[in-house]
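Protein sequences appear in the order of chains A and B. Residue numbers for the first sequence follow numbering that gives the first Met the number 0, so the first one is 0 and each next one is one higher. Residue numbers for the second sequence follow numbering that gives the first Met the number 0, so the first one is 0 and each next one is one higher.
Source of the hints: derived by calculation from the structure; they are not laboratory data. Ideal Cβ positions, reconstructed from N, Cα and C, are used throughout, including at glycine. Keep in mind that a hint or two might mislead.
Just a few of them, taken from the derived set where beta-carbon distance is under 7 Å, the chain A residues facing chain B [unchecked claim]:
1) Gly43
2) Glu50
3) Asp56
4) Glu102
5) Leu103
6) Thr106
7) Leu107
Letter by letter, the chains look like this.
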Amino acid sequence: MNRHPVSVVVIGVGNDLRADDAAGLEVARRLFEEPGIAVKVHGGEAIDLLELWRSADAVVLVDTVRTGEATGTIHRFDATSNPLPLPLQGSSSHTIGVAEAIELARTLGSLPQRVIVYGVEGARFALAGELSDGVQRTIEPVADAVREEARALLARQPPNRPDKPRRARPTTYGRSS
Amino acid sequence: MSGSESTRTIRTDFLARVEGEGAMFVQIDGDRVRDVKLRIYEPPRFFEAMLRGRAFTEAPDITSRICGICPIAYQMSAVRAIEDACGVAIDSGPIRDLRRLIYCGEWIESLGLHVYLLHAPDFLGYPGFVEMAREHPQVAERGLQLKKAGNTVMTLVGGREIHPINIRVGGFYRAPPRAELSALIDPLERAREIALATVRWAGELPFPDVRREPELVALAEPGRYPIDLGRIVSDRGLDIAPAEFDTHVVEEHVAHSNALHARLRERGSYLTGPLARYNLSFAQLSPVARDAARETGLGETCRNPFQSIIVRAVELVHVCDEALAIVDAYEPPDAPAMEVQPRRAVGHGATEAPRGMLYHRYALDHDGTILDARIVPPTSQNQLVIEQDLREVVQQNVGLPDEALRLRCEQAIRNHDPCISCATHFLDLTVQRG
């Protein structure tokens, strides 16, 4: 049995010029120094995510979402075996969104063995606006949660078997303040 | 689909695979098309106002934000126009080669994106790329690989793959050493193989037998396929410098669209983009690209907009070849940028974005402050022809059921790869029959 280190990539998705849409990028930037974890920020088309996670065993994505929950609410979803639920799917102004990128990779067999998505509930998306207070307060707690998640994934035994099917449902953590 | 016997209405509330925001309206009386309107919203108008009062050095970075798909096109037209105003023309040498190289990267990325992600699902009968990928994973992978190759070029030369940060008036902030560019050889050679496979694959797709005769307008340069500079020529005798664009092309506002409609003065609508470039500069394509085109049965001219997917594939072969040739011959410039001193003048720049010609004009003050800017993107120029195409497509297929007609209309729009760059995309397609 080959044992290779589990490679874990954390990808912050968003746009620095669109206020709360920068949440994922802000979270990722707080993890740049984390040893053993590849941390990337992605502001382009979701289709390019397939390349960013192509060789990873596990990926943690952090993005801004709008589901109608209170600003700053943190959503966590395990997309390893199931598509993102509709409220977390969001939209893209270009070709495909994050949810479709995950499904595309699943279809093409290039999805990492573990896929965790963190969504930060945003409220403000104006051009050149700053993070809203609710999102600003959430950045550190999400960064802590993602760091913990990434470390746990990194410490995992390299899988030689497909993951057991797991019940997938969005977990909503309480709003941190 | 809904409506009474006399009036039928089709709506597409979320048309993916078109960049940006817009709506289309088709009205049919009996078997006659009464009205076709493509309504789109174009952000460049706001950018033109935003540019006023900014420094001449800021134009490439500000305008690159107009489009995430073709930022290089905006940067390149901007630097050409600013340099023109300052009396500088970088028409040869390593800085121009590097510019052309990164532009090739954008073409590979954008043409690959359009052929596979936006257009292919129309031909293979899928609502979107993800659905297509399920049954044609190899086709989907080819698209992803091309996009990746383009990204690699953009990142290496431009610093990052989207809104590159290495481009400035006069050249670059940093010119890569020769050894760095060598890293592009393998990905570009693989991309060329994929591009050749793309031409063969596209040539086998089913095409409606149509022929359109709009005036075709593109840049042209002796000995080179038009990408980063050239004179503006047409198949009906137009041959002008970019500085004359203003006097030959008028833009007018129409009530149903926020984008201005461009037309040639006293001549009317015209088409820019792959078909125009191909028809006007076939002889300048690389030999491999020309052979690939001939092998599919595509002649030296192509007047069927549905076959633009083959033309894009042929152009993909060409830009891979050209990028490889640039990498092979590259010697770094002595300095990454030429010094460009501002002066009070007006400058013009036109380059070929993947989807068509992009014109910029800037008026500068003595200190380089931008006094006025004009940007005419390809989609504004093509809008009238797209509407004319739609009218003919609807007229020729008026007997089709609504759903089939709607799909054919969408495909006809995508033939021209309109880029309606905007924060959200929403194309609402309405067909009314009365």
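Evaluation of the provided hints:
{"no.": "1", "hint": "Gly43", "in the structure": "4 Å, holds"}
{"no.": "2", "hint": "Glu50", "in the structure": "5 Å, holds"}
{"no.": "3", "hint": "Asp56", "in the structure": "20 Å, violated"}
{"no.": "4", "hint": "Glu102", "in the structure": "6 Å, holds"}
{"no.": "5", "hint": "Leu103", "in the structure": "5 Å, holds"}
{"no.": "6", "hint": "Thr106", "in the structure": "5 Å, holds"}
{"no.": "7", "hint": "Leu107", "in the structure": "5 Å, holds"}
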